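Chains as they are written, first to last, in my numbering: chain V, 45 to 153; chain L, 58 to 448.
To be clear, the hints were calculated from the coordinates, so they are not data collected in a lab.
All values reported here derive from a predicted model rather than from experimental measurement.
We put the beta carbon where it would ideally sit given N, CA and C, even for glycine.
Hints should not be assumed to be uniformly reliable.
Restricting the straight-line Cα-Cα distance to at most 25 angstroms, the calculated cross-link-like pairs of lysine-lysine (DSS-like) are [what the hints assert, rightly or not]:
hint : chain 1 : residue 1 : chain 2 : residue 2
1    : V       : K146      : L       : K300
2    : V       : K76       : L       : K300
3    : L       : K289      : L       : K300
Which residues of chain V face chain L? A few of them, derived with a C-beta cut under 7 angstroms, are [what the hints assert, rightly or not]:
hint : residue
4    : G87
5    : G96
6    : G122
7    : P127
8    : P129
9    : D138
10   : Q141
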Amino acid sequence: MSSSAILPALLAILLGALATTALAAPTAARQKELIHLVRQDCGSCHGLTLQGGLGPALLPATLAGKPVEGLVATVVGGRTGTPMPPWHRFLTEDEAQWIVEKLMTGFPE
Amino acid sequence: MKRLAQLFFAGLMVALLSGCGGMQLRGTGDLGLVIERASGHVTLVNTSSRQPYARIGGLGDLSHASVVYSRDARYAFVFGRDGGLTKIDLLQGLIVKRVVQSGNAIGGSISQDGRIVVAQNYTPGGIKAFDAETLELLSAVPAEYEPGRFSKVVGLADVPGNKFAYALFEGGEIWVSDFSDPKRPVTQRYPAGLQPYDGLVTPDGRHYLAGLFGEDGVAMLDLWQPEKGARKILEKYGRGEEKLPVFKMPHLRGWSVAAGRAWLPAIGRHEVLVADAATWRETGRVAVKGQPVFVMASPDGRQIWVNFAFPDNGWVQVIDTLSGKVVQTLQPGKGVLHMEFTPRGEAVWLSARDDNRVVIYDTRTFRQLGDLPVQSPSGIFFTSRAARIGF
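In isolation and in its complexed conformation, chain L is listed as follows (with noise of 0.2 angstroms):
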């Protein structure tokens, strides 16, 4: 019967999006997907109606899920925390292939090649590889970072030469694995520092940054000389103050390199931290409402949106990166969880968790354009994501 009207909805998408007339073809340039955190679906949507057209459910426990893209833009990978890894056809509005494949999954992410889908996990620790094509398991990398312990690992991105970067909470390191046989992976691993809970590749895919909640500062990795090892940037800054409560994780990954600086989350401080992307030296701090949780720059550069943690997540602001100031302070709605730029920036989406609503807003004149019911959203995720490293 759910299976039944899994098709019967299909249908109607697959008719819904072909404008009920003939078969048309159709680009998915413009559309994406919004999780669904407590209910298990995920609804999909189009940024130039700015409209839902379809929702699929059983994909699990969707709290913390994240989500890669095929590189035809056309199929989105689902990491659930449940360990679950769903297959989605954007086109068709349907599930085409799911696995389990641990029991408590952090997100993942997809090769340069787009051959190979990787899962990271905390629990059992370590990463898996995927065939993009039919989920089949290929190896995994156990996160042993001694005999017998195995840490949660976090921050995995894809970096060029199928090769995966990732970061061990409990282990302080970096690992770089090598994709290139995908059932016979090669690991690198690099001393990093006191527990690092996120990490990112920069836009070119040449520095891996992860960030440590056991210490102040940032581990960085020059890909293009891995050699030379992870060095600290951005050490000691909180140095002589007190260490503060932090109620929710900062996310790394949507993080920012814009107008030639790296715009980076401080940990329990309300701050947000820039660097020179060039040297990666401290140039300043942005004061900001709460504790960023997300700063993401828009694709032109232009523009940083930041959002809190508890109890400021009802906030967001933006900062101008030409003046490095607080241009804009909005209340979006009630649990601001996660924003998603459309492709070329002209306006970015927000999920309100507690309004049950995605409020889409314009970045120029900061009017609000729109707003979708969606229960209980958190991650928003687009098919811009699908060509660029790191996403």
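Chain V with its partners taken away, still in its complex shape (with noise of 0.2 angstroms):
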């Protein structure tokens, strides 16, 4: 492996090191808190079992393939034209990530 390839290679492990630590998990009793905003006031429009209502469902299949940017921004700052208010009053964004990644492998009850 030449040097100039190595330069890359390496920034990109120190990248994912930092994105990875950036992204500190919430404690086990914030965890708590944000299941039972999922599941209870984003629920009263998405359904308790997230399977949709005057939302769309929330499940990993309906979610698959889409940018998990994208609906971390939906989160934290609404959709304009929907009903979808922003929730960056009540979370952060990386607790937004963090709902998101579940909501996309599957919520915990």
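Hints are included, so try docking the two chains, each in its own frame, into the full complex.
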């Protein structure tokens, strides 16, 4: 491997490590609160079982293939022209990302 | 085994209801039920003794469930989120019949003559009519507002003439379906406005109102003169001000005409809107603690009780309709989702979802009269609804 190829590879590893440490998972207690928020308050439009209602379903199958950043942006900033409100008053971007990742893999009860 | 337990429970319940002595006849006027939204159960309650008397499970997904009653007030029809329609006998404490009629439902209604139960559905969008006796499907009206495009249906209400009025969220229309011939409903369409989110009919059955999410205002159809079409009232009540995010859609059902005025939840705003019930012009606003969800009048019309969207859902406020002022602010518990007055309004029952209890208040003294343990309670429905138009 030439030195010109090593540098970008190293950078990628470093950046990757940075990205994962920057996204600290919420504490166990906070996770419990977020699960409650999603099930109960997001659930008033998306359904307690997240199978949809006035808002679309938030199940792994329905979210599959959608870009994570876009979904996080929707949670944080809402979606104009629809009833989806911005939730930034109640959660951080990292927490929104945690929620989106959980939604995409199957949300805890 | 489950069936056996159910039978045993029912037997026990009948014994309790009949006072353990010989079989006693009983009315249902002081009975009702509470939805347990997370567990698929309902708790049957007695508003005279302020006690639960039975609990029934197996009702599916009951988040956002609602209930209507047969006109003899003996049977409850429970509409679940998952499209389940369950008929419950309040006297025997049993499920009489259950069908799963759609993929995603949002409530239902019963016809003027009590023979037809209608469910309103999100997916597939439309309404479906069932025989109230057997729950056999009679007919369906798909909410196809443009060729190939179906809308979620909101705000279904029974109206005189065995008709049902409802609104189409995506379609932006009010529809009135006449079920005089239950197998061949005839539907009239009226343009209403952007994104109706819920609807209601006035207690006399004359005016159908659909709250609009996509624009400020409420669409109103005079059912005595439907040929005049829907017109907009309370237009631009938020004019010139920034649109506020809405953390829970307000519910119009259970709303209020009291003291000659209509009391409605403003959308997004921390206000209750007041309109003259004769001219439908705005006459005032009442500032409240949060975004109103239910704005409900006591049966005598003297008080309006208001609960709120997240994050203010631990509060309840009471408006005196004579002064138009908030006279009481209460904290009944965490996550107050619904309220129901006893038939003549001496007490009000409130569900505190996150405290797993139903709290009962005296409406005159605002003192707590009691509470019941109920798992994750949401809607509370008393049989006094059986005789009311739009309930």
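Tell me the hint numbers this structure goes against, listed in increasing order.
1, 2, 9 and 10
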